[in-house]
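Spelled out from the first residue to the last, the chains are:
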Amino acid sequence: MPVNLALGHVSNDFLIAALVIYSLSVVAFAGDFAFGRPRRAGASGRVPQERAAALAAVGAAAVGGVVGADPALAAGSAGVLAPDGVQTPADDQVPGAGGGSGGTDSMPELAVPALRAIREAGAWVRAGVALSGVGVAAHIVAVVTRGLAVHRAPWGNMYEFVTALTCVAAIFFLFVMIRYRAWSLGVFVMGAVVLALGLAETLIYTAAGQLVPALQSYWLDIHVTAMTLATGIFFVAAALGAVYLIVDRYARRVAAGRAEPGNGIVRRLPTTEQLDRLTYRTIVFGFPVWTFGVIAGAIWADQAWGRYWGWDPVETWAFITWVLYAAFLHARATAGWRGRRAHYIQLLGFTSLMFNILVVQVFVTGLHSYAGVS
Amino acid sequence: MTRAPVTRARRRAVVLVAAVSAGVLLIVVLVAGWAGSGKSDVTEVDGSTSAVLYAAGHRPVAPGFSGTTLAGSRLSFSSYRGRVVVLNFWGSWCVPCRAEASTLAAVAALYRSSGVAFLGVDVRDTTASALAFTRTFGITYPSVTDPSSAITLDFTSVVPIAGTPTTLVIDRTGHIAGAVFGSTTYPELTTILAKVSGKAADEAVSR
Amino acid sequence: MTDVRVSETDPFESAVPERDGRRPGNPGPAGGSFGTADWLKWAWRQLTSMRIALVLLFLLALGSVPGSMLPQEGTDPAGVQQYFTSHPALAPLLNHLGLFDVFGAPWFAAIYLLLFASLVGCVVPRTFRLAGSARTLPPRAPRNLARLPASAGYATAVSPAQAAEVAARVLSSHGFRLRRPAPTVLAEPTVLAEPTVLAEPTGAPDSGSGSGPGELEGHWVSAEKGYLREVGNLLFHLALLGVLVSVALGGLFGYKADRLLVQGTSFADTQTDLDEFYPGRLVTAADLPPFTVTLNTFEASYISSGAQRGQPNSFDAQISYTASSGGPVRTDRLEVNRPLSVDGAKVYLIGHGYAPEFKVTDARGQVVFDGAQPFISGTTGNFLSQGVLKVSGAQPEQLGFSGVFVPTAVDVDGTLESVFPAADNPVVSLIAYAGNLGMNSGPSQSVYQMDTTGMKQLTAAPQLLRVGQSLKLPDGQGTVTFTGYQQWVSLAITHDPGQLPALICGMAALGGLLLSFVVRRRRVFVRASTSPEGTTVHVGGLARTDASGSFEDEFASLAAELRSAHQQAAQDQGVPPSAPAAPNRHEGE
Chain A
1 MPVNLALGHV SNDFLIAALV IYSLSVVAFA GDFAFGRPRR AGASGRVPQE RAAALAAVGA
61 AAVGGVVGAD PALAAGSAGV LAPDGVQTPA DDQVPGAGGG SGGTDSMPEL AVPALRAIRE
121 AGAWVRAGVA LSGVGVAAHI VAVVTRGLAV HRAPWGNMYE FVTALTCVAA IFFLFVMIRY
181 RAWSLGVFVM GAVVLALGLA ETLIYTAAGQ LVPALQSYWL DIHVTAMTLA TGIFFVAAAL
241 GAVYLIVDRY ARRVAAGRAE PGNGIVRRLP TTEQLDRLTY RTIVFGFPVW TFGVIAGAIW
301 ADQAWGRYWG WDPVETWAFI TWVLYAAFLH ARATAGWRGR RAHYIQLLGF TSLMFNILVV
361 QVFVTGLHSY AGVS
Chain B
1 MTRAPVTRAR RRAVVLVAAV SAGVLLIVVL VAGWAGSGKS DVTEVDGSTS AVLYAAGHRP
61 VAPGFSGTTL AGSRLSFSSY RGRVVVLNFW GSWCVPCRAE ASTLAAVAAL YRSSGVAFLG
121 VDVRDTTASA LAFTRTFGIT YPSVTDPSSA ITLDFTSVVP IAGTPTTLVI DRTGHIAGAV
181 FGSTTYPELT TILAKVSGKA ADEAVSR
Chain C
1 MTDVRVSETD PFESAVPERD GRRPGNPGPA GGSFGTADWL KWAWRQLTSM RIALVLLFLL
61 ALGSVPGSML PQEGTDPAGV QQYFTSHPAL APLLNHLGLF DVFGAPWFAA IYLLLFASLV
121 GCVVPRTFRL AGSARTLPPR APRNLARLPA SAGYATAVSP AQAAEVAARV LSSHGFRLRR
181 PAPTVLAEPT VLAEPTVLAE PTGAPDSGSG SGPGELEGHW VSAEKGYLRE VGNLLFHLAL
241 LGVLVSVALG GLFGYKADRL LVQGTSFADT QTDLDEFYPG RLVTAADLPP FTVTLNTFEA
301 SYISSGAQRG QPNSFDAQIS YTASSGGPVR TDRLEVNRPL SVDGAKVYLI GHGYAPEFKV
361 TDARGQVVFD GAQPFISGTT GNFLSQGVLK VSGAQPEQLG FSGVFVPTAV DVDGTLESVF
421 PAADNPVVSL IAYAGNLGMN SGPSQSVYQM DTTGMKQLTA APQLLRVGQS LKLPDGQGTV
481 TFTGYQQWVS LAITHDPGQL PALICGMAAL GGLLLSFVVR RRRVFVRAST SPEGTTVHVG
541 GLARTDASGS FEDEFASLAA ELRSAHQQAA QDQGVPPSAP AAPNRHEGE
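Protein chains in written order, with the numbering used here: chain A, 1 to 374; chain B, 1 to 207; chain C, 1 to 589.
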């Protein structure tokens, strides 16, 4: 079937539009950092002992995994917070301040619904979330029209793959940000998305076209889709890991007395525990998808090349990536390897993933050389 | 939890024993697989593992076949019944086949009067090259072409033909009595023929 | 995936507070001497520790890197040879380290074997422990449920005993395993009467329970759920082991073979007729299934215009085959991603190329060659192919030709280039040689390579021929005519008995992974005690620390359900006590 070039152009236009809108959302989130309403978002120096003390002080009180640090970052939507928990800088020391302390009645309450939380986070956050949402919509249109233009799943070469995975990353992050009220992370993750899309547009752009016969199989829809999803999710985890390292470094500097607590942008970022947990949950979501993608790739390789695993360079690097993320999961359960080191491992895993996509597929000859980049 | 260390030690012992026995079993299996099988019904010729004689009663039946010779005529293997046949698998592109060709021509001439027939099976070849080969080396006995390798396939199911050249010696009852896997030498071939046809080389000539 | 070893801060396994590498109850050998057995024990403990597993994972990842960067013997032997020629000093050293066959090298095998030994050493005790914990009951409810990460409290009108009963029913309906206090213990606080050991009750004083001092047991329910998580964890790790075994199975009992097949010809699956044959360790040529394949036609179509001109569009090979000698002939279409399955083996279409046809007459006027000779295109674009033609039957001197086949030839500044992969304008360019090809003795030669050391070049420059044209060799050496061309396909024949087991183990690993991520081990406690408002019910719960799910949601809804069940029970108590009503069940949430 001939390629619909007109639709291909439409796809490109929508992608550029998404890029621009994402950039504006990054500006909005940055504005929230600089000018937004003060939110004591888990400033450095909070340590877990405070939480137990807080619990004991209140007696039969709070329910919820992440307590005390950031009322705006209520991990677990059925968390504890009182309806006004979002906007009370003075009350953020004590969890569930409005929930009724002591006595015999302390049932867990539902948290603030999402839309209200967005509204109450300030104009900058509203703008950032709205722009991100519109950007995601444009991005989805770009991906879908590309697929319609080429009459197949739109991830058949590197350009298509990068645009699709950034779309997954943006959607996933939007969901995470709203669910956990993590507005302060917007500038980092959306910024990374903008960078990635910019790279795709300038360096590896490929016009809409047909696939070589080896890729004309329904396995493309299964294997590459899974890899796209997993990469998008790991993309978000990597951005969060980078933020973790920033916050952790600052916390260590404060603990060593070399920095003032409550300074700068770090003041508005979540605590290391929160970031660590968020990153862990993200990777826990992405790791099975990546595993499935590797298995599907092996099945397809057997169909196409006669063996399900041949240590082709791309296969090898997918394996290395898998092992590194497995090491991350192991590290979180090993004494001395939690925290910073685990995130180094996770970022190393993402680096190997990106290396696989951008370098190995293009420059190392093997059976996987379908990047489409000349 | 006072029971725990005792049961833990016992469990560890069980696991250790299981692992050791599994390891021993694995080694036995692997050694058995690698060692290959030594058959007593096969004797080597001249100490070479590639030239063998099959003891009477352990000789596989040579499958029948028919084909077109290089000259273009039809030939059927059944027409050779009752005679000792030397069947040689070759190709004009094959270097070891070229190396042994003169030997085959010479031995064929030697045993012609004794009624031993030589027959070639030309594998993966084209007619013009094959005919040129026979001219070059003075091969006067016929060869059938095997374009779909059907003949090779049939014979591989009874003897382990691994490549070209391969020479099989078939006795008068139509059983494969001897084989040379690889290029054959004068001593090897004549030894086998002496055993199978009952006539030593010098006897064959003088007859 | 979770830790295979127990996490230190795991509140569930407080009886075994392990640090990496050391277990309680085993402080070391008495007397201070450290014999061989102790060294082995130490080594085993180190091997099965999380830290070493982490190190081995890193090594596995690191060790794979050279396997992807350097050419490997198994997939690219020509590339390895090229590396040797271009890096004459470095290559032998790398070869010594096994870097040209990384994935078959002993050191790589050592890494993954150690990793799997570590895995087995962790998984087996964990399996025993899981079996054990499935038999033991959940722990007793703590006295002060408010200290738990999730807790709630409310008042209800039913008596504590009834409240506990209702709570047990609700929790049990959600699949929790329960533990209730033994009925006799209620009256006898005997344990606490011992003055020596338990000087004071553990934990904080009863701040919220409202019960009187000395009532040790009270009415409580202890519930636990989520054992499947550990099952999933163990399943995942064992399934990885299964994948390794499957790969080994394939390596032992499987085989791979290659064959280049020119259009119009056939081949049989026998060692003589295959170009390459790589049997597994326990496979011999006799295990090859006796099928035959004929290539009837092969068509390749290419995109003829636009930005992707020259890119292949589709390949398809029409074949006929028989499963065994003399069996019925079947036809099939072979494509990429669409192999032929016959006799337990699979035949794959891997690549294709051109085989120009020649007719060679020697000095004596005899036709000494008449057929197709496959040329190989390599990585040059548009199927510019190279090959040799060795005419060993030419008399008096053997002839040889080295040639280039150009499918769509266009003259670009004096050099011939191919601008399109289809044979729209086929041209062959030949250089002729005469002499000794070296084929009458010595080692076997590749059909695609010619050794010209014993030959002299007959033509100074390459001669171009179109289809039908002839080249007359000097000194009456003969003639060569370019008569046409055929296409050839390259086929891969494989058999891998470990393929299906590997797939099953892979899916099992995925299933175990998902199970271990989704299911959380959690405990819920309910305590009911009398208080000024009637009966106070405290509900508390906790989940394992590195849980990925939202236990808070589940706890909140459980607490709500318990409360409404108690309210329902209180209402029903308006009914005569001889017929107590069952509380409403909320199935599903």
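What the hints contain is simulated information worked out from the structure, not anything from laboratory work.
Treat the hints with care, since some could be wrong.
To spell it out: a stretch of chain B is covered by chain C in this simulated footprint if at least three of its residues, at any positions, have a beta carbon under 8 Å from a beta carbon of chain C; those stretches are [stated by the list, open to error]:
hint	stretch
1	67–76
2	113–127
3	159–165
Keep in mind that this is a model prediction, so the values were computed, not measured.
All residues carry an ideal CB built from backbone N, CA and C; glycine is no exception.
Against the structure, the hints come out as follows:
1. 67–76: violated (count 0)
2. 113–127: As far as the stretch 113–127 of chain B goes, the hint holds, because 4 residues have Cβ atoms under 8 Å from chain C.
3. 159–165: Three-residue rule met by the stretch 159–165 of chain B, so holds; n is 5.
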